[in-house]
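From first to last, the protein sequence lines are chains L and U. Quick note on our numbering: the first sequence kicks off at 14 and runs consecutively. Quick note on our numbering: the second sequence kicks off at -11 and runs consecutively.
Simulated from the structure, these hints should not be mistaken for laboratory data. Fair warning: this is a prediction, and the values are worked out from it, not measured in the lab. All C-beta atoms in this analysis are idealised placements derived from N, C-alpha and C, irrespective of residue type, glycine included. There may be inaccurate statements among the hints.
Short derived list, chain L residues pointing at chain U, Cβ under 7 Å [stated by the list, open to error]: (1) Asp34; (2) Pro35; (3) Ile36; (4) Ile38; (5) Val41; (6) Ala43; (7) Ser88; (8) Val200; (9) Asp203; (10) Leu204; (11) Cys207; (12) Arg209; (13) Ala213; (14) Tyr217; (15) Ser302.
Part of the chain L face toward chain U, derived, beta carbon under 7 Å [stated by the list, open to error]: (16) Gly78; (17) Asn79; (18) Thr210; (19) Leu211; (20) Pro301.
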Amino acid sequence: MTISALDAPETVLDLGVPINDPIDIPDVVAERSRRRRTTARRVGFGALGLGMAVVIWEVVATIIGNDIMVPSVQSTVSALAHYLTTPYPSGSDPLWEDALVSTERVLMGFGIGTFCGVAVGSVMYAVQPIRHLVDPIIEVTRPLPPLAFIPVLIMWFGIGQTPKVVLISIGVLPIMVVSTIAALDAVPKDLEHCGRTLGASRRYVLLNVQVRAALPAIVTGMRIAMAASWTSIVAAEMIAANSGLGFVILQAGNYLQMPLVFAGIAMIGAVGLLLDTSLRTALFWLDPSRR
Amino acid sequence: MELHQTATAVAPSLRGLPLSPSWETGSPDAMPPATGLQRRIASDTGAPAVKVEGLTKTFGRRGRQVPVFNNINLSVQKGEFVCLLGPSGCGKSTLLSAIAGILPFDKGSVAIDGTTVTGPGADRGMLFQSPMLFSWLTVRDNVLFGPRARGLMKRARAEIGAQADEMLSTVGLHGFGDAYPHELSGGMRHRVAFARALLNNPAVLLMDEPFGALDAMTRSRMHAFLISLWEARRITIVFVTHDIEEAVLLGDRICVFGNRPNGIIKELEVPLGRPRRFEDLEEPAALVTKRSIRETLWAAA
Ligand SMILES: Nc1ncnc2c1ncn2[C@@H]1O[C@H](COP(=O)(O)OP(=O)(O)OP(=O)(O)O)[C@@H](O)[C@H]1O
Ligand SMILES: [Mg+2]
């Protein structure tokens, strides 16, 4: 069995042409396991990085020595542990339920925004006049801060779940439109031609070649949009909410309960990491070169 | 045979590779021996494989019009290897895309095996400057793209699968079916593209500077590969290049393009024998042909 290309026997084709390929099957296998090790190492380094951040946080908190300015890791953890099951403010929900409520809002807003964004982006990609028509609208609305929409959304949708979800999807939509168009634009025209000359129909090529080729980049857009939807959760839960992580953070902030504010932030970070990891896992499966 | 044994000896190490469960299913022992090469059995109508008549193409709309060529005629016999040679921007790619059916033209007609065609189809395989493999599919699934897209897999899955494996052996990639394109070298990727195009058994293979982006060594290997592939299967080929040397090495006939919009200004037969060898390029006949082409190109410029 050959390990490297140097001592590989020349592959002789039926055609009688020697083809001295620089890559042999064992090379492919070796490269795959090397990449797996690299992935494992990357996860290790990531955990190390997070650990270092916590250490720095603790050092800074100790130096400052004021739990209201910078709560220490211990007081944050104990606030987290305490309020995880104890309602805050009393009479409302414990922190884990707040996390669930916020996650639901984020996922709904993110889902709606992503779906509409990919749909709008695909149509804009396919139909040039629509693209020119819609493009400026997207560009104008893109930089608007979610907070600016709150009064309008309350007027339109009241104070229930709807305005909160809509607020989040407003943030997600333009990100997904822009990244979907960019992803489709980046698919080489010749890839479409290639599919067509192999006998595939226009529809087959659109779905199985163009959209498929764009999918990893679209998912990358989704990762950015997911982060953005967590960014607007606090704004969304300013709208007459009595539950959710954003609500708890606002509430605790008003009463200078800084360890609880940090605990809420840490919860957002943890759930955000979890959701981002699932998107990265999707990416892993969609793009073999990332494995 | 040598190749088959090597691959069988190597393949067991792939078992238990968690990344690719499909590797388990394609047992190398079950593969047909790499016997070889079926020639295209064309329904012989006597018509040329490719017949282009009066093709005219102008880019641009009202105002700024860019005529690429007027009234181009080209006829390629079955089993013929024709090179289209000319300066950059003379319309070689445009003509090839028009034949492939991926570029609409203004006037004229394209007929394949005597049948006029309008859109793209599996009867005309095309190879691009880069291999244009589908990065998310394994090598084997790339090769099977054509039959799958055409809905043939439902009817003859096992048979076509065996053909794909045989095709992979033909291009020297036995055992690489479950690798992904990014795991292969440049030359290997090009050979996957060959296998993928050939599995459709096209009436003509259109190539647009397919080896233009390869390094010199890989390029000559691909030349050797292409020559022997042509020997074995006598595929009809239209090959676009701007390299005189390459055209003489590969082609039976060379169509020389003038500057836009003059189209084909000269056609000449390559007076070299088959099977073509690299040494043939040093024959006096080859030198005369090369000089003649060079002079034509320079006179046109
Ligand atoms: N989409 C297009 N719109 C307008 N003009 C075009 C378009 N595509 C090609 N052309 C023009 O048509 C002419 C022929 O182009 P073509 O790509 O066929 O040249 P080529 O012979 O393949 O050149 P090269 O060797 O550089 O590939 C060029 O002058 C080019 O500028
Ligand atoms: Mg070209």
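Original post:
Any hints this thing doesn't respect? Which numbers, in order?
Top reply: 6, 7, 8, 16, 17
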